[in-house]
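2 protein chains.
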Amino acid sequence: MNGQPKVPVPTLARLATYYSLLREAEEAGVETLNSARIEGLSGIAATQIRKDLSRFGELGKPGVGYNVSELREHIGKILKLDRVQHVVIIGAGRLGQALAAYPGLADYSFEVVGLFDSDAKKIGKTLSGHLVRDVATLSKSLPGLGARIVAIAVPASSAQGAADAAFAGGARWLLNFSPTHIKSPADCLVRDVSFTQEFAVLAHYSEDK
Amino acid sequence: MNGQPKVPVPTLARLATYYSLLREAEEAGVETLNSARIEGLSGIAATQIRKDLSRFGELGKPGVGYNVSELREHIGKILKLDRVQHVVIIGAGRLGQALAAYPGLADYSFEVVGLFDSDAKKIGKTLSGHLVRDVATLSKSLPGLGARIVAIAVPASSAQGAADAAFAGGARWLLNFSPTHIKSPADCLVRDVSFTQEFAVLAHYSEDK
Chain R
13 MNGQPKVPVP
23 TLARLATYYS
33 LLREAEEAGV
43 ETLNSARIEG
53 LSGIAATQIR
63 KDLSRFGELG
73 KPGVGYNVSE
83 LREHIGKILK
93 LDRVQHVVII
103 GAGRLGQALA
113 AYPGLADYSF
123 EVVGLFDSDA
133 KKIGKTLSGH
143 LVRDVATLSK
153 SLPGLGARIV
163 AIAVPASSAQ
173 GAADAAFAGG
183 ARWLLNFSPT
193 HIKSPADCLV
203 RDVSFTQEFA
213 VLAHYSEDK
Chain U
13 MNGQPKVPVP
23 TLARLATYYS
33 LLREAEEAGV
43 ETLNSARIEG
53 LSGIAATQIR
63 KDLSRFGELG
73 KPGVGYNVSE
83 LREHIGKILK
93 LDRVQHVVII
103 GAGRLGQALA
113 AYPGLADYSF
123 EVVGLFDSDA
133 KKIGKTLSGH
143 LVRDVATLSK
153 SLPGLGARIV
163 AIAVPASSAQ
173 GAADAAFAGG
183 ARWLLNFSPT
193 HIKSPADCLV
203 RDVSFTQEFA
213 VLAHYSEDK
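Which chain is which? The protein sequence lines are R and U, in order.
Going letter by letter, the first sequence gives residues 13 to 221 in the numbering used here.
Going letter by letter, the second sequence gives residues 13 to 221 in the numbering used here.
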């Protein structure tokens, strides 16, 4: 990273969790939530919640809690979910298609503006509502698409090449769904989403009884 | 959770990251890694790495570091990746199919033993190499499948129903890929994998310049 980020990634991940809960609460007509209730919904300790939110000046009201709409809006601004964020997806396989059609993204103002693949059978077709473009054109077309975030959903063996093409096109924020490590320039951030690691965390708890 | 888990979930998530890195290093023929090098590969602070590993008696050798194979094996035992773990996937849409075919799972000894859906057009077909079964039969067939972990990959509106069927069949460890909160019995653990939240974390860093 070029300089230290103001908010650490684990804090941002928790803020995103709060945002999601607040959004559901708001839709259900809930007006206030206290930290104990947010702990019950999120599994995050109430002390941690209060610490995270006081960092941004949100202290809640003693005996009442946080105003759901205000807090959701406040966190949305911190996470920059108050504006449309363009996203490009590399890989039009099952996972890339699932991402391109993932309903949660539009709910959070993420807009998929490009879907790329290297497979000649897929290029030019419309999958999950998006025209599949040739990944060989990615670095040239990326600036014009205005995408801030690029998701990598290709096989592990193609992941570094796809990422390098994205970096060459000016991408700095990558979400890597491929089960491999991606090397990145110093001013770029690659966040790994590993399904295997998520399964591994649960495996620890599964007793053979 | 029924009683406090011995190892906190965030620690397990980091252990899974170390395991993944050690596996790649082992395949590349690397024999030792020190905490500074693991920090460079994982983005986790060296002090945190040493703290996590010393918890399990792994202290490494000063000036040499950790033996890659030994440490990988040790963490594998803690995460119970040293045995086959049966997994059932509910939802045979794009995401469920992507999970069922995800190459990383088999690499970590996870074996998909069942793929369920409610869509009559999918039931009975073979998708991603798995026969799609009727989710209405899930709670009855789950015990026979020996699945310790159930992944929920259905639309948000069907997620609670799918989870309840899994709980009724004896499932206690759920990985929830649906963009909604799932209510669970006290002795069960639901781990949310939210693509939207992963995007939201990156959105914070994307400056509009």
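You may find that some hints are simply not true.
Since copy identity is lost for identical chains, a pair holds within one copy or between any two.
Below 20 Å or equal to it, Euclidean Cα-Cα: the simulated EDC-like pairs (lysine to aspartate or glutamate) are [as the list claims (entries may be wrong)]:
id: 1; residue 1: K18; residue 2: D119
id: 2; residue 1: K89; residue 2: E210
id: 3; residue 1: K92; residue 2: E210
id: 4; residue 1: K152; residue 2: E210
id: 5; residue 1: K63; residue 2: E51
id: 6; residue 1: K63; residue 2: D199
id: 7; residue 1: K195; residue 2: E38
id: 8; residue 1: K195; residue 2: E51
id: 9; residue 1: K137; residue 2: E51
It is worth saying that the hints were derived from the structure and are not from the lab.
Consistency of the hints with the structure:
1. K18 - D119: neither (26 Å within a copy, 37 Å between copies)
2. K89 - E210: between (28 Å within a copy, 16 Å between copies)
3. K92 - E210: between (26 Å within a copy, 13 Å between copies)
4. K152 - E210: neither (35 Å within a copy, 26 Å between copies)
5. K63 - E51: Only inside one copy: K63 and E51 sit 13 Å apart there, 26 Å across copies, limit 20 Å.
6. K63 - D199: Neither way: K63 and D199 sit 29 Å apart in one copy and 28 Å across, limit 20 Å.
7. K195 - E38: Cα proximity of K195 and E38: across copies only (18 Å, versus 40 Å in one copy).
8. K195 - E51: between (36 Å within a copy, 13 Å between copies)
9. K137 - E51: Intra 45 Å, inter 42 Å, cutoff 20 Å: neither.
When each numbered hint is compared with the structure, violations occur for hints 1, 4, 6 and 9.
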